[in-house]
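Novice: So the chains spell out like this:
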Amino acid sequence: MGRLKQKGKAGAAKAYVTRSSAVKKLQCSLADFRRLCILKGIFPREPRHKKRANKGSTAPTSFYYAKDIAYLAHEPVLNKLREHKAFAKKISRALGRGEWSIAKNLEDNKPVYRLDHIIKERYPSFIDAVRDIDDALCMIHLFASLPSNPRVSPALIENCARLTAEWQLYVMHTRSLRNVFLSIKGVYYQAEVMDQNVTWLVPYQFPQNIPSDVDVRVMLTFLELYQTLLGFVFFKLYTDAGLVYPPPLDSSKDESGAGVGAFNLRSANPSPATGAPKSDAPKISSKEVRQTIKNITAESSSVPSNDIDIDRVERIDSLLDAAEEEFVPQASKSDLDVPSSLPTLLSLSSSPKPSSTNIFAPYTFWLSRESSRSIFEFLIRSFGGRIGWPVSSGGGSPFAEDDEAITHVIIDRPVAKSDTAQERERRRRRKYVQPQWVVDCINAGKILLEDLYAQGKTLPPHLSPFGERDGAYDPTIGLTNVENSLVEADDALSEGSQEAEDVEMGSELEGDVTSVAALAVAAADDPEALRVAELAAEAAGVDYGTFEKEVQKKQKQQKHKHKEDAVVDGGGEEDMNKILMSKRKRQLYERMKYGEKKRATEHAKLEEKRTKIEKDRRRKARVS
Amino acid sequence: MQSEDEAEDEDQEGDDASDNEDVDEFPEIDAVSDSEEESEEEDTDDLDEEDTLDENSDADSDLHIFPKFRKVVSDITGQTKVVYPEIEPDYDSDSSTEDDPNRVGKIPMHWYDDLPHLGYDINGKRVLRPAKGDELDRFLQTVEDPNSWTTAFDQNTQMDKPLSAEELDIIRRLQAGENPDAEYDPYEPTIEWFTGKGKEEVMPLSSAPEPKRRWLPSKWEKQKIMKIVRAIRQGRIVGSKPTAADKKQQFYAIWNEPPSNQAPPLPAPKPKLPTNSESYNPPEEYLPTEEERKLWESTDPEDRERDYLPHKYPALRLVPAYDRFIKQRFNRQLDLYLAPRIQRVKLNVDPNSLLPKLPSPNSLRPFPNYKSLQFMHTKARVRCLSISSDGAWVASGDESGVISLWEVNVGREVKRWSLGSKVGAIEWCPRLDVCFFVAGTEEQLHFFIPPNISPAMLTMTQSTLAPATLPPATQSSIKWISASGAAEDGPVLTIELPSASGLSRQLTWHRKGDYLASVSSSETQGSVWMHQISRRHSQAPFKKIKGAVQMVLFHPTKPHFFVATQRYVRLYNLAEQKLLKTLMPGIKWISSMDVHPSGDHIIVGGYDRKLCWFDLELSEKPYKVLRYHSRAIRSLHFHPTYPLFASSSDDGSIQIFHARVYSDLMTDPLIVPLKILRGHDVQEGLGVLQIKWVIKQPWLVSAGADGSVSLWCS
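Respectively, the protein sequence lines represent chains A and B. Residue 1 is where the first sequence starts when you use full-length UniProt numbering, and the numbers rise one by one after that. Residue 1 is where the second sequence starts when you use full-length UniProt numbering, and the numbers rise one by one after that.
Hints listed in this document are in silico derivations from the structure and should not be mistaken for laboratory results. Every residue, glycine too, gets a C-beta built ideally from N, C-alpha and C. A few of these clues could be false.
What the hints assert, rightly or not - Now the stretches of chain B that chain A is said to cover, found in silico as 3 or more residues with beta-carbon under 8 Å:
hint, segment
1, 108 to 121
2, 254 to 262
3, 304 to 315
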């Protein structure tokens, strides 16, 4: 006989622990536990049998895997948190006693934890990390736009702003932006990085305030993790793209509000042609120095610094093409290096790109002051265009408003009445488009006609590039049904008007029409009866056109009725067959049917609304 | 104040100070100092009045607390120095007593409390106690005299004396937390005694020789320093730790080394991508109507389908900030770390494929699908009905005691009997050679012979009901009473059940038509009786039975007997007198039951809307449990010849099933729902109370609580 099994020694009772017991086991505060869970990515589990997991109690509790908690117990961060607790005690004591030097000493030796190992654990491969940066990007973009307060330090905000700029630079450099969606919540961007779709949401540029029902500590803990994660991811992305990370910041430009333009993208190995061994490292570094000096001088000659690499890539492309060489002036000595650096991996990897990533390459844009520079600079430069902006939107514009090269003006205000001659001349030469044009072009992957989006025009609807789920209502192709019903409605309308006229003329005809209609109903399916009805109609003096119409109408009605009958019959049958299903299957079936029905009603509602809108529009058009 | 002035004067004038001092001594030239004082006083203290000031000034000059000093240039050093007046041991030591008229000295003044005088003056004369008013006077004095608040009680003279300006100044200084001494200057210039050119001490203070340690570097210090230096050189002591600026995160290629072979944790589910309705400029059909907007606003944020309302903006510049942005980010984070995650397999199946594959009802015709005629009982709900064995007649009984006999084909009433008490059950005798039916009422069973039957059959029936040879009557609580005389209008035969047995709820015939089982509604033991017509004998088959009996049934082929109590169905062998099986349908409570004509299957219906199909060969648990009625099941019936059965319920509907039973034991019976018949009204929570199939026809007769009996034809 085997050993007797004791209760609570195996199975769910052993595999799960409640949160309070986990906290007790780890000997930390609940806040520390939460912090650990956030950092380590440990979340509660739903046991299959709550009662078994909770020693027979069914009280609502959250459960964690016991193994997860055991694994937390060995976490170095937990030790650091304990050290921090001791530190907090010491420093409060020192401050209370007014021992400032001791307090300062303590503060200098404050325990600080690093999250490198956690990043490595949570994301064993780089792809895992890239797959999971969506939330991180959203958060840093949000915090980059927050005002600082006692909880959110300016340094934190600055770091977030730096990370966002680095990410944007990377996306612009690699041309990996794919979709953009202007929503009411903010701007959704989707980029393809390492074959992963990365989607992030950026709020519109307005001051945000943290609402009182939001726990900032939780957000800050997440942000801590996200900053580290993004740092490592960007490091890898930059180094893989052959760039120096972190990109050096030009502080004078930053102060003038240049935004992304304040960073220099610098390639990690500026002169691969030398092929020098490691021994002459100082030489390379001196070269690098010279290169940077050159870059700086180039910047001063009114070319944005971070364009340099992009420009260079373009130049390589153009040299490859060699036929149409639309060359950017600014001949510098760095050009001499370019041919030698042709066959690098960087240039090879950057050349085969879908053409849609370069759609704005032939154009030069001017951004008028009311459209957001942070959005459109990013968009246009991600798709190869050049963009300038007035000083009011920040410094660092590569060209002025009166530049001859400008082809498009992104403008978002109503058309002004008074135009100077110069203005008119400009309007003739440039295309004035509303901002949505840029986004729709990007989503369509080609340049759309500008006329629909011209300044002051009512814009066509802006649709989500991410698509809806299968079978959902599609506003672009739902037209056929709508058209039919519209035609019908028109017919009804015209008939109505005609009938009204008839009534005006005299009501004698009316009775005939209805009687004919009655005949037609009978005649709907029988050709012989139809013939009879036709004759009767002729005898009654109804003209053939109205008769035809009447018959068609009746037929349609009857068809409709048949359909309804069929639906009713079918529905009843299905319901009856449901009797014989098992409970589980029946519930599943009912759930599926419920969902189906809900979607169908949603679809129908949208279609109905659309028909109504179209009808109104037509009526209005007819009236006017 | 005065002295301050003087000090200033002295600073300016130097040697004239002594003259000034002299001036102060003489009371005759008081005018100057007075005027000076006055101006000073007014600057500082506006409250004081002039006459009091005079007195004060007089008193001041006499009552200096701190001795006055002069600054003179020292003959020796050439510097100014402060010179205090010489203290004369006789008087100056305690000059305060000098002018005091009372010369008793510092003695406890209460020694004089009982005396009319206070003490003695310098001449040895008594100093009389000053007149002292009562409390009221004193109060009035304080009110009238504006200076009373600057006076203090003097012990020596036993009267209030005004405080001098200096004393007031001291009080003010004490209040302000300053040094009480007006002359004290905390920022006096340092006087360099020994530094500076020409002031160095030339002579040594001690003649001891200079020790070596004054000019030799310390050996021990050197050793200590060398120890540290060595530690630094060896790297044991590291220079100052990196500060916060240096601690900035250094990133490195963390993914360069190959990943561990452990599976990565499951990535968090990504949020849904935005759809068209979230656009700042959506197609117009996405915009909510007024009702939708109201509905959205009235629902709780957790219950909303979408967390935003679609809105259309004519231009991008008009799009405002999204006010729930941070909140939604926060909710996402809560989801990430607080929500349990379950991996669900997403079913991508057509829901219709889940439906069981059943033959179409159209291929299983005939079955009743429409109401062909309706027979109305005017007064009360119809509890029971029965169809004759030749399938031509229906007898239906209602709660007012009326039994109607009518034709199935046309619905014409042929005869009506009124019994005066509720009719609970009606059953035709299944024999084909006789024609009569039994109706159960309160504690009675009545046998009726329908009119217009062939004479041969009539005689046969009469002889059956009144057998010629009867065994000797035994002592029994049940009486068989033959009707005498007018047999046309009343029951031919009546069985009197024991009293208090209540309404006979159910009657059932053995297939041979000789035995009749009745179930009464009383909860007592004797609710089941078995009556033998040929012997006119009744007996109770069970001495004792657990639970209230709901229904009994004879097995169609074997001498078996089904008894349904509220929870269980028991199968007894009547020949061997033993329990064969207990079926456990798990129903609360059983309302009805029927046996398949083959005898191998029974169906049991319950008040909890369930119908159980039992295969008697298979198990004691139901083979299938169906729940499709929305109210209690009232009646079940298998068609005797067609593969059909029907159930009726309190929801007013009748459900027809196709039920094919195969002789092959391996094949499961096929149950196909065919049709739901609706047409009976629900009254007081009761719907269709009984259904019966017409023998040889796929027709169904149903009795409803609305007083109608309907015939449903195919």
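Novice: Next step is simple, just say for each hint if it's right about the structure.
Specialist: Against the structure, the hints:
Check result for the segment 108 to 121 of chain B against chain A: violated, 0 residues qualifying (beta carbon to beta carbon below 8 Å, three or more required). As drawn, the segment 254 to 262 of chain B meets chain A at 5 residues by the rule of a beta-carbon pair under 8 Å; at three or more, the given contact holds. Three residues within the 8 Å Cβ limit are the bar, and the segment 304 to 315 of chain B against chain A gives 6, so the coverage statement holds.
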